[in-house]
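Novice: Sequence:
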Amino acid sequence: MPALKAFIVEDSPVILENLVATLEELAQVEVVGSVPDEAGAVRWMSRDPNANADLFIVDVFLRSGTGLGVLQAAQRLGVRARRVVLTNYATDEMRRRCASLGAERVFDKSHELDDLITYCAELAEHDSPRPAAA
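With the first letter of the sequence shown counted as 1, position 80 gets the number 80 in the UniProt record's numbering; the numbers rise by one all the way through.
Hints in this document: simulated from the structure, not taken from any laboratory. There is no bait here: all hints are sound.
Label-pair distances were calculated between CB atoms; the ranges are:
no. : residue 1 : residue 2 : range
1   : Gly-102   : Phe-61    : 12 to 22 angstroms
2   : Arg-47    : Ser-110   : 31 to 41 angstroms
3   : Asp-92    : Arg-47    : 28 to 38 angstroms
Yeah, the Cβ is synthetic: ideal placement off N, Cα and C, and Gly gets one too.
Let the sequences and hints guide you as you build the complete structure.
Specialist: So, in structure tokens, the structure goes:
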């Protein structure tokens with residue numbers, strides 16, 4: 001079964017490395033790219049907004065720009081990929097702001113990483129393209 005294709009917007013190399021390894025090992029996710037900032041994410045999405053990834057995983061605070069800006073750009077560009085936020089700042093207000101910008105879920109890096117893995121595994125199982133039946 002093909003893997004769910006994910007693009008990650010995360011500025012911490014340690015978190016990115018661990019997240020990629022965990023997603024690819026436990027959730028049948030293929031990480032197709034990553035950037036540490038808003039501008040890089042917007043450039044990547046702009047190339048072909050609906051052919052590059054099935055899922056965007058976005059941090060709120062980035063090297064430059066913000067994850068909120070990434071979510072706004074995804075809306076503006078008509079990106080159909082699912083969008084989730086992984087942040088250390090998962091307050092109720094931030095969750096509302098992210099949802100208003102098209103994020104399906106917001107996961108707290110400190111307490112909800114297992115929930116993110118489960119979410120991705122379920123998406124991979126139910127939403128990834130299936131090979132044609134013989």
